[in-house]
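Visitor: Following the hints, position chain V against chain H.
Going down the list, the sequences are from chains H and V. With this note's numbering as the guide, the letters of the first sequence map in order to residues 1 to 637. With this note's numbering as the guide, the letters of the second sequence map in order to residues 1001 to 1256.
Since the hints were derived computationally from the structure, they do not count as laboratory data. Certain hints may be false.
One-sided and incomplete, this derived list gives chain H residues near chain V with beta-carbon spacing under 10 Å [unchecked claim]:
no. : residue
1   : Glu54
2   : Ser153
3   : Arg320
4   : Glu379
5   : Gln551
6   : Phe626
Each residue gets a CB set at the ideal place from its N, CA and C atoms; glycine is no exception.
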Amino acid sequence: MELKSGIPTGPLELKWDKHRFEMKLVNPANKRKYTIIVVGSGLAGASAAASLSELGYNVKCFCFQDSPRRAHSIAAQGGINAAKNYRNDGDSIYRLFYDTVKGGDFRAREANVYRLAQISVEIIDQCVAQGVPFAREYGGLLANRSFGGAQVSRTFYARGQTGQQLLLGAYQALEKEIARGGVTMYPRTEMLDLVVIDGRARGIVTRDMVTGAIEAHVADAIVLGTGGYGNVFYLSTNAKGSNVTAIWRAHKRGAAFANPCYTQIHPTCIPVSGEYQSKLTLMSESLRNDGRVWVPKQPGDSRRPDQIPEAERDYYLERRYPSFGNLAPRDIASRAAKAVCDEGRGVGPGGLGVYLDFADAIRRLGAETIRERYGNLFEMYQRITDEDPYRMPMRIFPAVHYTMGGLWVDYNLMSTIPGLHVIGEANFSDHGANRLGASALMQGLADGYFVLPNTISDYLASARLEKVDADHPEFRRVTGEAAVRTRRFLEIKGTRTVDSFHRELGRIMWDKCGMARNAAGLREALERIPALREAFWRTVNVPGSDAELNQALERAGRVADFLELGELMCRDALHREESCGGHFREEHQTEDGEARRNDEEFAYVAAWEYTGLERPPQLHREPLEFEYVHLAQRSYK
Amino acid sequence: MNLVLHVWRQPGPAAKGSLVRYDVQDVSPDMSFLEMLDVLNERLMQRGEAPIAFDHDCREGICGACSLMINGVAHGPNRGTATCQLHLRSFRDGDHINVEPWRARAFPVIRDLVVNRSALDRVIAAGGYISAPTGCAPDGNAILIPKDVVDTAMDAAQCIGCGACVAACPNGSASLFTGAKIAHLGLLPQGQPERLDRARRMVRQMDIEGFGHCTLYGECQEACPKEISIDTITRMNRDFLRASLVAGRGATARSD
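If we strip away everything but chain H, and leave its shape as in the complex, we get (with noise of 0.2 Å):
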């Protein structure tokens, strides 16, 4: 395997358009020719589904939700990053790209988040004329907040439901085409497989979630949309039905999957309430532009906070962050908060959590304003908690969020099987070891909307693809091996629930590869999995029969596979000697316990190569050079 990235050459600034320019294109008549299977609906899919339709392609999307709305990006709160300065604050496109690149800890490529920072101010016109409500100002103008990791206002927002509105569009552009004909749309379907021929991607494998019936989709090219995997932590901000299966099942037919082991901690979320508990609830980042984070100064002070007086608090993060405070990256602020909960100081049930306070802003802007800002924030936390933040400080904790690792691709988002590309979450780049605040609504969309509907022309255009059908003994092969697989399920007849193992793998993830990770804990874990995955397979019980509606059925399939990467993760977060963003290793701090980075020997994107079950992974490195912005430590003081 042979990992080639691509990058253009000559300056950075002019590497897409020359890129743009040099590849090759499909004649317009040409292009209903071809047929792209685009397996997601969310902000990536949708938004290239309907691009690639408009274009003359004939698409086929999946969505294993009833209808492309609900996918996950919908739930994405804060707002999408686009470096308009239209706040004259000093913003271009060349701060973003720079915030990104050391945001992400330099684990991330130049090229690609230069073309992620030009593209994001072409993403809010195509937004805004497809009718998403952004705030504005009173003259009409579009409105702007700041976000963690940046000291200017470039993120644009509509009140706390910006995935939403987004997706919306990106929807409606979707059904506009479905409408028209050039999409078909295949909801409450899931996929099972790649089918790979003569070493280019040609379809897909799907289950119908309704009916049961395994089926063959035959495509000249494939993207993946499908998201993150931090489902693997069991409890985590994902919507329950995220997953990782597509990805994974991809990487088992030959596509790399890089950097595993980046998961992004979220730092504002409520926190755990019980054992009952079926996910964790992402509180706006946007929130700490006016809430003040602290904790009490004593250990053990289970006062109310309103009885601790100022003296006896501490602002940690303006403490120890004194330029950018409350805004402080995500990993910065998460790990931060667990430094103060191991020290015994962490408030409410259980010790884990830190308080999200609003009175300094309340008394300085009123709580007219704080409601207008973040009214809906505010509702949302009052009733799943029972407490009223407009009086109480919230209760807050870091919570696994977004996954940077996925598969990798190339500058034209191709993964190492010519002809399936993977876009959004889903892929590995871009954000390197940390995503900052309001990127991945960004990421997202310019994958969808601008990259790809590109550069999938260039693939098509230079690839020499053989007709091949449904009856071609490879994707009846395929088939064959899912519908084998989905019945093994069913035939196993064991004790114990599917979510039972889910859980247990989550907890061993959470503890041994989750806010921190030492080479002891990797090495229980990578003992601990495979003996649970074996379990799993001998004692797991899943009802009913593979030709209904199966809840059971969907959720054991998944768990097989995350059972599968989270030993991948561990084996990643293991060799990897360094701490950064992300991944923090204890062995690897400062002496005031920040994350230290071994530029040395680790600016390379791990790229890991499937080489048969229960056999080690082969590793393959993609150096990361870094001729822009200069490899330096993070810092936030």
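Guide: Same frame as chain H, but now just chain V:
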């Protein structure tokens, strides 16, 4: 706390359904309603019984997947709350609770509490968009929109497409859903060129899908987890009426 559930069980679209009693013991008032169903399902599977199928995903009240009729009320007793954000503290120890799927002609039952809501997607496909192909947009600030206008558009735009309005309506009408989209796009300057055509096509599609007519019961507004106002239906009716009056002048230029 302990609860007694009476849950609609129906193995398949063509099968006969019925309410089945489940005694759910020892659950916490801090659980969400769906977490309580998770716990019940775990217990059912441990006893070798088939778990209850229900739709859900984000569990943050935004994806619109969850869809339960709880004691005859869409999304249960709390105002402006989707089922996934409903907590057991809203019930009393020992309560009997009926749990049923959305019921409407346009929403056929797939299994247990899961219904098919694809009709709503087809209503959007009929015209619930602004035709702005990728890559030809003017600068975002070239379109000025007064703050109160964009705020009102956003009030309508936050519809989560759950279908509670349809389930709550005695006529099974989707007017609040459709009205919300027509109001969202129709309030914005970008939405003007296709405004009347949009109203005509979306309203017609509702009929094709088998949704009932709006006779202003107002139940939709009460059930809506996003508290979308029934005023959006008035906007829809006005646009639809105007579309009928100007038919033939541009509005029908596109094929139906």
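Visitor: If a hint holds in the structure, say so; if it doesn't, say that too.
Guide: The hints, checked one at a time:
| no. | hint | result |
| --- | --- | --- |
| 1 | Glu54 | holds, 5 Å |
| 2 | Ser153 | violated, 15 Å |
| 3 | Arg320 | violated, 31 Å |
| 4 | Glu379 | holds, 8 Å |
| 5 | Gln551 | holds, 6 Å |
| 6 | Phe626 | violated, 31 Å |
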